[in-house]
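Sequence lines, in order, name chains A and B. Numbered according to the UniProt record's numbering, the first sequence spans residues 1 to 139. Numbered according to the UniProt record's numbering, the second sequence spans residues 1 to 786.
Treat the hints as calculated values from the structure; they're not laboratory data. In this text the structure is predicted, and so the values were computed from the model without any measurement. We put the beta carbon where it would ideally sit given N, CA and C, even for glycine. Fair warning: there could be bad hints in the mix.
With the C-beta cut set under 10 angstroms, the calculated list includes, among others, these residues of chain A facing chain B [stated by the list, open to error]:
id	residue
1	V24
2	A77
3	T78
One-letter residues, chain by chain:
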Amino acid sequence: MRSVIFRTVAPFLTSLMVLFSIFVLLRGHNEPGGGFIGGLIAVSALAVYGIACGVETVRRAIYFHPMAIAGAGLFAATIAGLISIAARVPFMTGLWIYPSLLGVEVPLSTVMLFDCGVYLVVVGAISSIALSLEERGGE
Amino acid sequence: MDVAALTLLALSLPFVGALVAPLLTRLLGHNAAWILALFPAAIVLHFMRFWPEVSRGEIVTGGYEWIPSFNVSFSWLIDGLSLTFVLLIAGIGTLIVLYSGGYLKRHPQQGRFFSFILMFMGSMLGLVVSDSFLMLFVFWELTSITSFLLIGFDHSREAARRAALQALVVTGGGGLFLLAGLLVIWNVTGVTQLSLLMSFGPEMRASPFYLAALLLVLGGAFTKSAQFPFHFWLPNAMEAPTPVSAYLHSATMVKAGVYLLMRLNPVLGGTPEWQLLLPLFGSATLVIGAVLACRQTDLKLMLAYTTMASLGLLVMLTGLGFPHAIEAAALYLVAHSLFKGALFMVAGIIDHETGTRDVTKLGGLRSAMPLTFVIALAAAFSMGGLPPFFGFLAKEEIYYALPSLDRRAMVFAALAILGNGLMFAVAFAVALKPFIGAKIETPKSAHEAPLLLWLGPALLAAKGLSAALLSNLTHQLVSSPMATAIAGEPRQITISAIPHIGMPLALSCVTIALGVIFYLNLARLRAFIATILSDIGWGPDLGFDQFMRGLVRFSVALTRRLQSGRLDVYMTATFVLVAAVLLGAPLYYGELPRAPFFAADVPVHELAIMAIAVIGLFAVVLASDRLTAIVSLGIQGFAVAVIFLLYGAPDLAFTQFMIETLSVVVLALVMTRLRLSPSDHRPLAQTVPDLTIALACGIGFGLMLLKVTGVPFDATLTDFFNLYSKTVAHGANVVNVIIVDFRGTDTLGEIAVVMVTGLAILSLVRLRAGALRRIADNDPDAEERA
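Same shape as in the complex, but just chain B (with noise of 0.2 angstroms):
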């Protein structure tokens, strides 16, 4: 096989594991882990061989076609930025998949989790690595749905529906904003490949365009990337269980808004909007996320919410536009993803082990749990930024890249100071606090984890030490290669795990000094926060439910209005129309037709045939009842069909046959059921205007036949048809053929409306008329009021 077919087969694993994994489970129960961990594992090897290419600064892409005609192809683009984010995904989604098998053992519904983790995986493997447009947005939206389903995993408690349903709701509209960015730029570049726009920059950035299409992608990645004021789905996703909280909300979902403005950067960065929003927002979010972190007791929140600020602080530092902020970026997003990957894990093993994750109810944990308390301290270290540990590196590189005499440079440069500070103390209430201290008595007694809960975290944590004790080779294959592929020109990283004086050493000092004061003044700082934020009262998470309710209660009254439910509004207006536009067209434009040609002698039999259809009308309008009208309708339909006949259309007539008579049946049988009263008592206000609507149509009808007729006939179809039914599809009756051959698709798809028709009508009929109104009734003021 070649290298194309085979990245093509390693995008497809994870969705054959998620296919393959309820059915393992069911046999080897949660031992089953160790099987499914082979699947993104072998991605992380397939991928591997892209390195030294990617590492010399290449881009490989390839693909298949997919609907040439409209220009989409499966293809996808790999270079320093997509491989490190392939590897992370599929190297922490290996470990997620066996702490997932110890985290959910014995659970009846572990089978289908593995599932959707691992569609999710696929998804966000095809997000990050997709070259075409159409690709990139496909996979996500699928990300949206599949974390949707991550999240409401526990579907039987209302928090975990609502949280799945805003994250939903939130990243899935953001990548309604994100198409429209899309097509905005495809517009002005008339490209639909990431691969070939990285050479139309200046040509985007002079674009009028530019800002639109500048402000619908930022759309797609704050929302995505939980940035402020999108950023409250992110905590409530907690609700998820552990592993999709450690997979998702650290290292790989949310990193895809991230991902994209750094896959932007070369094509719409470096402009002073660019330079203005996203610092803007980004520092925002840094610090009310640090801020909202510190106020936290649970565990999983406290860390929720730090990992809003590292998003936040990674968009700030896309944005930045200074020499070296790319480079941080880069190295602080590797670092994040290994350290709050880890420290996620831990929380889960400490609520897995103890039944509880708040952290004031954990103390003395270190004796029962040595194992756990070392990767905790491990990735906490990383966190906190302490040597020498990756997450060191990265923010040595944050304060070379910062710090110069621009004013602009030392407010954010303050920012990344106070941020980091807090998240130092927040990294060592989740990493050190429950293991020291009094042992507190816990609803489970405390042990060590077992090996495939621990595993992942301790992986990840000696990842994050051994990537920056060897940071020659990472930055090497992974940081240098992330951040050229960032930057969209040649960057080299250099900075080592060996503290050299300076002044980034000297604010990372007044980090650490910052946050340990931070860490001893937690409990009076919590209480403070505590107490501004209930004198604020308000926050985006209720305006999400404000919008929420509004929305529905707005549609309801939409709905009311448009939708009155009645059979005789619906037909006055759907006849009112036709009339109008029947009439209307041709009035406007002066396009009557003229006065129709009558044949000099028609015959008796066509005469009598017409009389008799003009009788059934007269016998339907002055029936006395509506039985008799119904059947009435009859006599005017054979009529018509007769005439079908006379003209050399005997399908037709035979099909109108059918259909008079089938009509007739179905009505009646209808009316019984309405139990109606049997004769008409609508007064002669009502009959006024509908006889006048019913006359209008007729008339219309009348006069556009009469257009249609007098306008020369254009044979082309007929002899088209006629010359090729029996020679081509080898039957004689061209209408049949045109049925079943020539138009065959036309009629498959029109078979397929009538059955389902035919189910819709068939659930109405069964419906009473008490369930129809508890349907009707989705109305959140009808269910308060209840």
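With the rest of the complex left out, here is chain A (with noise of 0.2 angstroms):
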């Protein structure tokens, strides 16, 4: 994309996209949002970012291969299930704690953790699909 106001735009759009899919990501347990939803606005960001700066800058932006990415959250939702059985629960088990940090109770969760797994995943799967037929498109 030639458009000098898209690309001047774009990095500013997509760190906002992206912030914004985290706080969907972490609001989801109780209002409208969740980590699957959240990997699809983060993966529109770097869509955007893709179609206005090239696939290069997003990956070197992102700089984990997306699938390593996608992996990571594969692994963070499997161990949030096993965790469970280490507390001696069934798999999948829901476990909470809450710490207070700086005097505020902040609500943790294996949930929580599987949450993220999902949303990494998402963002890896769907990143990759997309980045690679990006990159090859302009050929």
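Reassemble the complex: the two chains are provided individually, in unrelated frames, and hints are given to aid placement.
Written as structure tokens, this is what we have:
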């Protein structure tokens, strides 16, 4: 894309969208949102960035190979399930802790870890497809 | 630790050994064999503790629950039969590990070899102690897989790869017959454990499914134990390094089929079918194997064919149903494992020290290799059935069982004498001929084998002698309990190494005389058999190749028919099927929905959104170029998402928005990649059917949705999730809680699918068209043409 305006705005837009996707991911348990939706928003952000500034820039920006991100997500989701076994409850039982950070009670759970795994798998797998298509499309 | 835990540990020891073997070999080189041999030795020591119970004729069972809900357990059954097998497997295994240490000394992949052979040992042990059917089947197939690895160990050679694949196809395929047979038995009797099955003999034999179960079990046993006409994989498996042949193809793997028949003898045995099929195939294998053995000049191949013949003899004895036949089978099985293991290792030593295994190129080795000569002779005496070796006891018992005035018995006695005579000749051709006569120059100058090489065969040969000399003890600990287990009723073996005048001894003498005649005329015999074979010109080995080629041809032709490789054909097929199911089923059952109910006052904004969706449709259909069509598809998608939002499904709407956006992006990227012409040039003859299919699918879905919404809504699940989402799962967003908590395992599976799909698409995108064509052409005809 040659448009100067688009190329100038794209990085900001992408950062905002990624930030928003994480927000959507984390609020998902109580309000509309969650790993799937968050992941899709993040992929759209990367797609926008890719269209504006080229695939190479995106690959540099996310640093890891997209499939590695997806793998890490699947791993995290599996670990989230296995933690329950270590705690001697059936696989995938949600476990919650409420540590207090800086005086604020923060609910953390294996469910949240699992949702983050879903997010990463969606981001990794779909952006990997989109990026590789975009890369060869230009040839 | 209690006995059960120790037994479990013993059964897992070989796999532990397999895990550490590569590392140990890297550290210690071939001397790692001394440490690795401790693993099977420990197993021998552990299982010896069952001797007191087992020699009293008791059956020791134990184990752990595996999947209790399916009545599947990890349990073992130790009686005379399985204990003998365990001791043979682990005992000979110990010696084989030591022997491989010397045989593959300085081989770059010795660690891997140790690993494979220990894994095989573990599978074989598991097979013979298995009590539950499932475990038996799993270990049965594991032995096929590990033997595939071992036979193909020298994987850079084409012949080794072919032999490995052949063994896997034949024995692994036979395993599927076994599985089917076990399922039939399970359905008839309702038990899944061998120890419980033993009392179901009468029910099983009276069942109308008896013949099916028998044929299926025989399909498994005959392929594994290389019975004619499935024998061809066994000689081909001689492509493996000699320790493998000595272990798998003499004492263990090929005996698995015989083990199975012996194990099921109390349940399936004793019927006319059993007494017809087993002796028929067994005796055919015996004679054909012995004849083919005489034709060979390669030491290992000669031994391989006699192994086949011995397996035939064992199957025949198991099936005959005469008094003492079972005892004879038990004795011969033990004797064969001892002498055949030793002879194979001797053949390996000769090959290793002289550089050739061709019996016509060997001679006069006795001065260079005196120790090997003594070992070879001791083993050959046992194989030939000469006193005072254990093979003599076995042979006497065979001839004790066979002769009577019954015509059937006479036929089998004659066949047994012929087979044994030929095997006698081969035994001495292997063990005597290379050592006597004039010295012949060999590729390597011959000298005596190192300790690691001769220790194994020496101990086996010595065992063959001592077992015969201490025959009372042997019978008490090994043979009698084993025969009892096979027969399913108490049996006592009394035969000893001292010859006594009688019919058996006379037949033994006839056998030996016959054997000596064959031995002296071996060269003439060999030429004669070779002429006959070349006249026939076809064998099961060739048949296997033809079968495999035919199979590949068939699947190529079928694939070409089903998989045209054109996307539009796939899509047409898929959507025609969808339309047929959606429209056909309600029409057939007369369950079309009633006329839909339209609300009187639809708000204006909802009507507007629906109008947008319809406009989107027309935009897609009427778009002049493809890119516009894709983008227009988004219009309709967004309109639907807004409808979701209005009806209180924000999560769904949200996802729909994102999916619409991304699919437009991805589709547009795909379009640019495919370099399609920008507009659609389909002729009318194609547009009309496509339109019909599209309309049929649309109407079908519409009708289905109308029907579904016409049914009163069942709110049980909604209520459940609304009630418990906050209280149990601490989340107010029910949709998200279902995804990540209530049905989290489903989601785990789904994201795994997402990832695998991503990988698949990634590799498809990366492949170039040329590479794709090369992969697709896995066609033997094409290779031949090229």
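Hint by hint, here is what the structure shows:
1. V24: holds (8 angstroms)
2. A77: With a minimum Cβ separation of about 6 angstroms from chain B (threshold 10 angstroms), the hint on A/A77 holds.
3. T78: holds (7 angstroms)
The structure agrees with every numbered hint stated previously.
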